[in-house]
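> Following the hints, position chains B and C against chain A.
The listed protein sequences correspond, in order, to chains A, B and C. All residue numbers for the first sequence refer to the working numbering, where the first residue is 1 and numbers rise by one. All residue numbers for the second sequence refer to the working numbering, where the first residue is 266 and numbers rise by one. All residue numbers for the third sequence refer to the working numbering, where the first residue is 615 and numbers rise by one.
Read the hints as simulated data drawn from the structure, not as lab findings. Model, not experiment: these values are computed from the prediction. C-beta: ideal position from N, C-alpha, C; glycine also. Take the hints with a grain of salt, since some may be wrong.
To be verified - Pairwise CB distance ranges (calculated):
id, chain 1, residue 1, chain 2, residue 2, range
1, C, G830, B, A514, 56 to 64 Å
2, B, T297, A, P155, 42 to 50 Å
3, B, N513, C, G767, 25 to 33 Å
4, A, T245, B, K283, 57 to 65 Å
5, B, E392, A, P210, 35 to 43 Å
6, C, Q735, B, E570, 52 to 60 Å
7, B, L578, C, L829, 49 to 57 Å
8, A, F129, C, L761, 41 to 49 Å
Stated by the list, open to error - A few chain A residues that face chain B, going by a derived Cβ cut-off under 10 Å, partial list only:
id, residue
9, L111
10, F131
11, R133
Claimed, not checked - Here are a few chain B residues that face chain C, going by a calculated C-beta distance under 7 Å:
id, residue
12, A405
13, Q413
14, I523
15, R601
Listed below are the residues making up each chain.
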Amino acid sequence: MSLTEQTGAAERLGSVSSGNALELRGVTKMFGALAAIRDITLTVGSGERRAVLGSNGAGKTTLFNCVTGDFLPTSGTIRLFGEDVTRFPAHERIRRGLRRTYQISLLFNGLTVADNVYLACRGVSRGRFSFLRPRENDTLLGRADELIEAVHLAPWCDTSVANLSYGQQRQLEIALALAGAPRIILFDEPAAGLSPTERAELVSILNGLPGHIGYIIIEHDMDVALRVAESVTMMHNGMIFKEGTPEEIENDQEVQELYLGDGHG
Amino acid sequence: MSIAEPRKAAVQPMWFEKIPAGWWALVLILLTMPAWANDFVLFQVMGWTFILGMIALSLMFLAGYGGMVSLIQMSVAAMAGYMVAIFGNSGMGEISMGLPWWLYLPIAVAIAALFGTLVGALAVRTEGIYTIMITLAIAAAFFYFTRQNYTIFNGYSGFNLVVPPPLFGVDWRAPMPFYYLTLGCAAICYLVVVYVSRSPFGLSLQGVRDNPRRMAALGFNVTAHRVAAYTFASVIAAIGGILLAWQNAQIAPGTAGIPAVIDILVIAVVGGITRPIGPFIGALIYVLLRTFSPDVLLAFGLSGERFKLLIGLGFLAIVFFSPDGVLGLWERWRNRRARGQDPLTGEDP
Amino acid sequence: MQGFLQRHPIWSIIIALVAAVFLWLIFATWSEEMVEVMGRKRVFLNAIFGGITLGALYFLVASGFTLIFGLMRNVNLAHGSLYLLGGYLGFEVSELTGSWLLAFPVVFIIVAIVGIILQNQVFRRMEGEELRQTMVTIGLSVVIADLLLWTWGGQSYTIYSPDWLSGPMTLPIVSSIRDSGEVVYLRYPAVRMAILFAAIVIGIAMWLVLNKTKLGMLVRAGVDDREMLAASGVRIQYVFLAVFAFGAGLAGMAGIVGGTFQSLSPGEDTRFLLASLVVVIVGGMGSIPGAAIGALIIGLSEQLGLVYAPTYSVVFTFLIMAAVLAFRPQGLLGETR
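The shape of chain A in the complex, shown without the other chains (with noise of 0.2 Å):
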């Protein structure tokens, strides 16, 4: 499958749902008696491009874990493409065109580059339960060839992630996430951890996404956040504090006060 091929597959997709590519309305999620996110309603529409700031424990990964359903919300709902699926379980929602990364990569230590991103593109297709060895001319073996090229893996195609550098495990972690067609991606942080120049061309990477494809994206680094996203979202102890434009937010007194004061200070 080629890219314009699944960019017409996920636009023929949108087209048919509503605008909104995810809608979250009231939802807490509660460990014990401790409220990690506090009735969060939030609309994303198609292909937007949010960040989310907050400091540590404002709950943002939680927000995370919430809509990819590794955690079921306490109460509240969440629609994806104007479908309900709070009850869903994790894998029926990557199905709906859902994608993430995860702060702490998650990958498959004992599995080379390659298998790790064919899986991934098997995850999202059918087949996934087939004792048949894929062919050499496999659509899926080349899709996942584009997107290792696509992260700059190439060279270590067939190294054990085990053996890999931690600014390449988090490329990989990216490439997991574009697999299939992606309609809506979440980066948990995916800039964490690396060098001034690996923040670049992850800028390079996330601006270079197709159109349609929206993202929401964790980011301390306010210059990374604020260059790949078009509104901003700002949590504070688990609840949502103010949205606005990436130029509302910087200029916003409160949000200074509380976030880029003590955050850059």
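Frame of chain A, contents of chains B and C only:
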């Protein structure tokens, strides 16, 4: 070992050229064995090795590729053996139905696979060491149940005279035919496992082993993959179980007693659960110990019964010093030797 | 308790109903029709008491198992071997000294020392490698079983209870009413009542130690967060040693109890290991009250099954376990993992 590998080479070697010479030697030895080995070695030593190897292979598949250490495999094998006795022929005419072989063999494998799948469906709800506990408890329940139930499993004595059908006019329990029968089944099971390990199913199972949460985040139904792995492994165990019943010409609760269940784990771990050849190596070691240690022990003035002590201590030593079994020991030894030969570069070969 | 009632009103009612029915069956005088359906009340009562006593024995074995598991994440599959070792040692001590009671402290100390050696020499070397530890315990159970067989042979042993505990005692529960109007009370072996009593005392003591003392606090903190405990400067190895020693010693003492009211022979080690497994799977791994409830349920189902459906008594145990696994994989009182 990657899927993408073959496409990179400019001139592709034929598939048989890629098989190392050691394997050809092994194949030659195994195929010509009946010409130079006696009946006892063929039937008791090698036949038993292949059978135990197959059952341990099913555990290796679950543990090595799926990360699930299941102790139910011996019970699944025994279930298949029982089904052959019940649907086929045995000395217990009142229970055995005497169906033709082409009917009772698939039925036996199917029922055993179903049993394994159900246990798997319960066991995959938990992880890691819990899997050991739960499968061990279910295996014990199977043992006690077969011992107490007389209407289906004929209780304590089980079934005797469970023999293979005289297909093509061959007595398959005679040493040479039985040797080739077990060798053939073991080879097929081994090759299928090797092949499947690189298929989408096998790869995704290894993905589940390494990181179940990420697998779900890639669109895989982790639970379904784990249960399917149990089904696949159960089919292998079932084939081993049928052959085991034929070899002993009987099936009884003791076939899947707790010691037998533990033995399968010992075999797989001693051989090495990282690669499909490991269980067969482990089975050979176990069978040799089991067959010849009484003589050795007697020579040292100990009772022949102490072979269990020997096996237990051997298992402990392996778990202590080489978690990846004899295979791991062998590989480390080879690496060290190779390093010794190449002191200039100092590279890891 | 209050929380459970609020969260699961239906389950609370069902549990209360089942308990009420059992209590009524125990204390009420059975009418003719009931005797017709369920057999003599004496048989039923004996099954119930047999089940409770068996549950008490299971609890003694399983509580050590679950305690070790809860703290160290180590499934000690050699636990049954410690039970059998304790039983044999108890037999020797009581034969040698003629004192049944003396056997308990002696066996407790010896088996606890064995436990300390295991923890210090074996498990400490592979800390965090749960699977490997479990494998080692399997190997140990094979080795110990053969050593025991070597030393004590294949015959079965019974430990004789002292005179003051032998013979039956009368319980204030009506067994039947004779035609003459004379009330017959249930008579039950005194030694079994003593075992039951001891198990309850030990269970409550363990609960109190775990919940009300500093040591218990340390153990529970270790269960929840090992790194935290280690970082806070507590010598967690000592806590591990103490818990392992106590759990092992308890299994050893249970061996004496088992040898007194049943018998000791090769194979009993696996039997009690499996009983412990099932008990903690049903009750919830790492939970002492869970072990108590699990032991009671398994003991009762085994004895009632033996009386009313002898062929399938094992199946009942298994069905209970399967049902718990299917609907509550973490066990009845287990924490969600």
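> Confirm or reject each hint.
Now for the hints, and whether the structure bears them out:
no. : hint                             : in the structure
1   : G830(C) with A514(B): 56 to 64 Å : 58 Å, holds
2   : T297(B) with P155(A): 42 to 50 Å : 46 Å, holds
3   : N513(B) with G767(C): 25 to 33 Å : 27 Å, holds
4   : T245(A) with K283(B): 57 to 65 Å : 59 Å, holds
5   : E392(B) with P210(A): 35 to 43 Å : 38 Å, holds
6   : Q735(C) with E570(B): 52 to 60 Å : 27 Å, violated
7   : L578(B) with L829(C): 49 to 57 Å : 36 Å, violated
8   : F129(A) with L761(C): 41 to 49 Å : 47 Å, holds
9   : L111                             : 6 Å, holds
10  : F131                             : 5 Å, holds
11  : R133                             : 5 Å, holds
12  : A405                             : 5 Å, holds
13  : Q413                             : 5 Å, holds
14  : I523                             : 5 Å, holds
15  : R601                             : 23 Å, violated
Violation of the numbered hints given earlier is confined to hints 6, 7 and 15; the remaining hints are satisfied by the structure.
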